[in-house]
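There are 2 protein chains.
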Amino acid sequence: MERVWEIAGNLGETHKQVVPITVFVTVLCFCLVVGHLLEENRWVNESITALIIGCVTGTIILLISKGKSSHILRFDEELFFIYLLPPIIFNAGFQVKKKQFFHNFFTIMLFGVIGVFISSPIIATGCWLLFGKFGINLSPRDYLALGAIFSSTDTVCTLQVLHQDETPLLYSLVFGEGVVNDATTVVLFNAVQKLDVNRIDGWTAVKVLVDFLYLFSTSTALGVAAGLVTAFVLKGLYFGRHSSVREIALMVLMAYLSYMLAELFELSGILTVFFAGIFMSHYAWHNVTDSSRITTKHVFAMMSFIAETFIFLYVGMDALDIEKWKMSKLSGWDSIGVYSGIMLLILLGRAAFVFPLSALSNCLNTSTRRSSSITFNHQIVIWWAGLMRGAVSIALAFKQFTHYGVPLDPVNATMVTATVIVVIFSTLVFGFLTKPLISYLLPHSSASNLEREPTISKEALKLPLLSFEESAATNLLRAKDGFSMLMERPVYTIHSFWRRFDDAYMRPTFGGPRSNELS
Amino acid sequence: MERVWEIAGNLGETHKQVVPITVFVTVLCFCLVVGHLLEENRWVNESITALIIGCVTGTIILLISKGKSSHILRFDEELFFIYLLPPIIFNAGFQVKKKQFFHNFFTIMLFGVIGVFISSPIIATGCWLLFGKFGINLSPRDYLALGAIFSSTDTVCTLQVLHQDETPLLYSLVFGEGVVNDATTVVLFNAVQKLDVNRIDGWTAVKVLVDFLYLFSTSTALGVAAGLVTAFVLKGLYFGRHSSVREIALMVLMAYLSYMLAELFELSGILTVFFAGIFMSHYAWHNVTDSSRITTKHVFAMMSFIAETFIFLYVGMDALDIEKWKMSKLSGWDSIGVYSGIMLLILLGRAAFVFPLSALSNCLNTSTRRSSSITFNHQIVIWWAGLMRGAVSIALAFKQFTHYGVPLDPVNATMVTATVIVVIFSTLVFGFLTKPLISYLLPHSSASNLEREPTISKEALKLPLLSFEESAATNLLRAKDGFSMLMERPVYTIHSFWRRFDDAYMRPTFGGPRSNELS
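If you read the sequences in order, they're chains W and H.
Per the UniProt record's numbering, the very first residue in the first sequence carries number 1; after that it's consecutive.
Per the UniProt record's numbering, the very first residue in the second sequence carries number 1; after that it's consecutive.
Since the hints were made in silico from the structure, they are not lab data.
Keep in mind that the hints are not guaranteed to be accurate.
Pairs involving identical chains hold if they fit within one copy or between any two copies, as the list cannot separate such chains.
Listed below are the simulated DSBU-like cross-link pairs for lysine-lysine, each with C-alpha atoms no more than 35 Å apart in a straight line [to be verified]:
#, residue 1, residue 2
1, Lys326, Lys98
2, Lys194, Lys99
3, Lys98, Lys297
4, Lys98, Lys399
5, Lys99, Lys435
Required output: the full structure, derived from the provided sequences and hints.
Structure follows, in structure tokens:
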């Protein structure tokens, strides 16, 4: 290692990126092997492994360079938002079980949107009361930003704790919430930046909400458009004729383009790329050659996997950035007070919306299907699994409290270190306890899943049979039924209408099998 | 487009990379579609398309931004060497037909190493004589650097003009030369940088040669080691048991790590990653699950494809960087004189080694196999196909004549623009004419290939049959034969020894089928 640093010195200016890249890639390979060896361990997941390895690597680098090499350690929010986040979210959309996701769409939106609007003011007010006691003074804008920062759950870690096949309902709720929540948080954070803090009144909340609805709809539309354009081009030109490489390249590039276009027009790239993923896997994926299908499935998963591991490594290494620690002037006990105060606020803020909104969702769903009602044990798991804070929190904290990664005064430095500590603590402790908690609260989760699966499938199977033997008469009858059904069982009815539309118009135009199976 | 620039202005400092990335990804998608539509056209290849589209995009950007937005246009040598070159060369090693490559290893080394040492002084001297007439004064170091810069052939473009299946001998010779030549050029260029120009004597050439041999052997060893370690880890831990995503990620990361390690230790990353590619496809590839095999083949091809297209787009756009043109103070006629002078020197420098070295290679090979002798028509194609200059030339020119992409004085600006012009002209004109030239000079190339194939296979088939029914007696006999065979048919004998060793020791340890088929 000494030799490396010497050479690094010799290389000087010409290849200043070589050393950090080499270190990161080496540690990534190491994480991969360790993650593989710990695969069967039920306590530790990949995120925790990467976080711990990141901390250890950070310590080693700090010792070798005698507290100097903070360039390798510093978290770069641009790297995160432009290169690491898009593949993760796109892959989530690409691999998500679309049937489950859209069945629970209403509940997911309740948690992801209304949830943030409930938890964020609680955390902001709590921080204002809490920090006053420690003599920390921040502007009103900073407090509002803190509310947004600590309201963002960590999608990445959640994905690794819950499994789509073991607990499908929980997975789709918690993960779906995570994606929508990320988008809501980023939108809220940006709204706070633009806010005129001297004139906050009742209209402000309404304005933020309208702003959010606009962003949500435009971002979704952009993502859907990107997915459909890709599907249409792939179907129309049939790239596989010449080379399957071009097909794969086009899918990768279009996915990335949708994210960058959303960022360019100041929309939510996360939402856009998520919906682009859903529509690409639903249409475009069926227009490519067999080997391209296998390849895309694995490539997106691989890119997402590398990006996830990289983020946790990065957060782990960033925690050791000694300059921020020196700058923060809070005493030991005060620091512990601030950190635990924030943790309590996060627990409280999340509890304040998970339980009421679950009850509301159950209320609305009770007439339709029992399988999707959220039991109290489920609610506790949802509350708990969403407590982890991740890279989005850190990226936003860096945006708010630093100037190109360097905090300008001690209070800002304290805020950044507090965020890092909260993220590490929540990932380690809450992440560590989630798997045991699930197996304690939902002991037969995988068994009950097997029981539940057929009931959903039975309902789903009704439609294809009908639409296959479609005649004008049944069509008319169903149109009459449609309206009364919409009143009784809204989600299910919308879903079934969409399926008929998909089968009749969308799939013939954009590709995909006519089997009526959304999977 | 106007809207985009406005928004770009609004985004300000926070997301300064968003605009160029969006532009590049959009144009890349466009290139992909155009390339697909022109696939069956025999004159135009993907590189030429990308280059032309790059020029057009550059013009449009220049017009919209009224000659200001040179940030999008500027060629970044770090981006090229760290992110774009590694996937291209790795993929070349991964997909190359290893049997052909190693059969022609000796000839390839002649062209790739000795060739550069012949052509480089010719071009350097020629430039010195030529530039004097136009009143351009450069230091001796600059002239030597120019020799290296204009001696590097363009591997990327060659790959698209020749086809592995149509003209296997030519492909393996020209492509193999390209890879070795890239490495030699970079090494020579770096040697020139360190040279004490005031004390050049007979020893200097010897020192450069020794330096080169050291770099060649260490770089190769590092690449081989990276490939073998990956194969060993994949075989030992059997990652596919849990997820094929980790296998793919490990192969990608180890390939990249080998390149970065080579750069870190100031070796030739190109050679390292090329040999890592060869060894990974020979061993590691056989230790992964079926879907990982399909995925890796396609992923590496896709990454290489995107990087290649990106480079040509980039070169095309960089040609329109107006600042360099303003700075260069050469008059129109003088410029044309300089450019055509350099083109002539390149033609001359390449002719000076292709024909003599081909004769030498034929001389050495004549006793062994007639199939691998290089006819005069082949020699012309080799000479012609290697005339294209590419991104390596540009990257080296930027390194020599600019300070972070900005030339410091008019003479340096002239050198950079001359390089860009030579690259574009050679790619367009020589690239354009190569396909027709091949079909004129080697009219039955694909037919003769079909005839030649069996003769090679027959020879190759002898060995597996022998080694299957191996006994101590035949072994001893063959050991005696071995030495006399080594004298008569050196390449073939070394190859057959390697195969036996591979089958007996390497494959059982590092993975791979025991079928004795290198393919």
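Comparing the hints with the structure gives:
no. : hint             : verdict
1   : Lys326 <-> Lys98 : neither (48 Å within a copy, 56 Å between copies)
2   : Lys194 <-> Lys99 : neither (38 Å within a copy, 64 Å between copies)
3   : Lys98 <-> Lys297 : both (15 Å within a copy, 29 Å between copies)
4   : Lys98 <-> Lys399 : within (34 Å within a copy, 51 Å between copies)
5   : Lys99 <-> Lys435 : within (25 Å within a copy, 51 Å between copies)
Of the hints listed earlier, those the structure fails to meet are numbers 1 and 2, in rising order.
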